[in-house]
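Visitor: Start from chain S and add chain D according to the hints.
From first to last, the protein sequence lines stand for chains S and D.
Anchor point for the first sequence: position 121 equals 121 in this note's numbering, and the numbering is continuous, going up by one each time.
Anchor point for the second sequence: position 119 equals 1119 in this note's numbering, and the numbering is continuous, going up by one each time.
In case anyone wonders, no lab produced these hints; they're calculated from the structure.
Possibly wrong hints are sitting among the right ones.
Stated by the list, open to error - Distance condition first, Cα-Cα at most 25 Å in a straight line; then the derived PhoX-like pairs of lysine-lysine: (1) D:1101 / S:166; (2) S:127 / S:149; (3) D:1119 / S:376; (4) D:1038 / S:166; (5) D:1032 / S:173; (6) S:166 / D:1132; (7) S:166 / D:1133; (8) S:194 / S:131; (9) S:376 / D:1032; (10) D:1030 / D:1101; (11) S:203 / S:127; (12) S:354 / S:382; (13) D:1033 / S:376; (14) S:376 / D:1038; (15) S:149 / S:376; (16) S:357 / S:276; (17) S:376 / D:1132.
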Amino acid sequence: MYKLSSLFMAFAFAFTAQAQENAGLKLPAGFSATLFADQIGSARHIAINDKGILFAKLNYPNKAGQSIVRMEDTNGDGIAEQLSGWGNYGGTGIYVKGNQLYASSDDAVYLYQLDAKGEVVNPATPKTIIKNLHSRRQHASKSITLDLKGNIYVNIGAYSNACQEKDRSVGSKGMMPCPILDSAGGIWKFDGSKENQSYAEGKRYATGLRNVIGLDWNNSTNSLFVTQHGRDQLNTFYPTMYTDAQNAELPAETMYEVKEGDDCGWPYVYYDPFQKKKILSPEYGGDGKLEGGKNALDPLVAFPAHMAPMALLFYKGNQFPAKYKEGAFIAFHGSWNRAPLPQEGYFVAFVPFKNGKPSGEWEIFANGFAGEEKNKGPRQAKARPCGLAEGPDGSLYVSDDSKGAIFKISFNK
Amino acid sequence: MQKAQFKISFFALLFCLISSINSNAQNMQKGKKIYELKCLACHQADGGGVPNMNAPIDGASNVVGKDIARLVRIIRNGYNERVALDGFYYSNAMTASPDLKDNDIADLLTYIRNSWSNKASAVTIAQVQAVKKKK
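Isolated chain S (complex conformation) (with noise of 0.2 Å):
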């Protein structure tokens, strides 16, 4: 009896203690990962400081009415103690610049000024830098970053699937041209240092970008790269045309490098990445292989569909192994769109650069958040990727909306 049970619990402990193991994150040799913080609240994007505070934008506020946390492992255990928050309004957007502290609503974003100790100022009094944007609940979230010069990116989605004149329903054609162009679907650009500014005042810089979650200002390039989240629903709207199987991996999530004037294509095409082309949307005439958007861009990465990219970061440190400099982490939220099939791809992914261009093809980073690769739906995922941050020493923190989990995943040298 005593072995018995001496025996079931040394099977418990080392259950349990493989469940911990990189905080149930599976990873490249070499990495590990600890749980920085869980429970936060729906934690979109992340920034960190340069004294290692940690910062996490909130959807929502969270139950201490806070919706901006503020994290800090002070004994170098990989795990926060000291925790904080403050602000009232929900949104995604979060960028350290310096001492600036940016931070967004689904219709403003806001400046807070950082202390010499890395610490907020002014919490209840921040700067308005932008007002007035369109938040019309699709895609309504404003993902915010920064240039060299201090100029602020701005993604403004765009308030429909595929700028249907009824949105989202059966046998109704696409608007043309799409009337949602002129004040979303696209980048805005603005001073970072001016107040209460909104579309008057900013610039549109790229278009045709149906929803831009994860962006990122590349420093070696110099220059803009985003990641786009394709349509939804081919099938339900157009099932002689499109089978389940080909909703399923139809279009591609992709990643474009933008200058400014550029046009990305949507709502009159997408990109199938089998035929690696540019197909015309069947709300406006395609039927699944004509070809549309000569003056749009084609894509530097295409990633399978429907798989959410949420954040895009240029790895800048030096803890990570060589290929990693200078390469782009994008963390996916995982799948919804893919029904009936399994959902896929709660995962961070990884595209390594080189000149500023992708050098390979994308991989797998970081998977397991979800706890199983595929499942029914995404409410029964443990974790959903949403957020990316590099800490001043190289290590990679991953945020999770769903439970409000942040991942520290660091190279063990």
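Guide: Positioned in the frame of chain S, the structure of chain D alone reads:
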């Protein structure tokens, strides 16, 4: 004579019971088919919806609640507002289904009110018919 009458009514009752279970199972089966065709893409195979986007059906208080008329209207007319449900918000537009007949809607509602962890009364065609159609 009395015994025979009893026997007849007993069998009649049994027959009614069996056929009602049978028709219930048929309604559930029909409802499931409609769910797979019309609803599953967004509300998912587990009825869990998609956080922040598509409302869950499994465990949703208003799906198993008493306001059947509201559910009928949402299915018929679609839904185009940000919806608050059990402490969370959902933002995606829902497609209208004017092609669904009253008996289809009754089957579909019976199915979603009695699938996954949901347990609620079946919905009858009469309950659906009682909800006036939007002109």
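Visitor: Next, verify each hint and record whether it holds.
Guide: Status of the hints after comparison with the structure:
no.	hint	in the structure
1	D:1101 / S:166	holds (22 Å)
2	S:127 / S:149	holds (19 Å)
3	D:1119 / S:376	holds (21 Å)
4	D:1038 / S:166	holds (17 Å)
5	D:1032 / S:173	violated (30 Å)
6	S:166 / D:1132	holds (23 Å)
7	S:166 / D:1133	holds (20 Å)
8	S:194 / S:131	holds (12 Å)
9	S:376 / D:1032	holds (16 Å)
10	D:1030 / D:1101	holds (12 Å)
11	S:203 / S:127	holds (20 Å)
12	S:354 / S:382	violated (35 Å)
13	D:1033 / S:376	holds (17 Å)
14	S:376 / D:1038	holds (17 Å)
15	S:149 / S:376	violated (45 Å)
16	S:357 / S:276	holds (18 Å)
17	S:376 / D:1132	violated (35 Å)
Of the numbered hints listed earlier, those contradicted by the structure are 5, 12, 15, 17.
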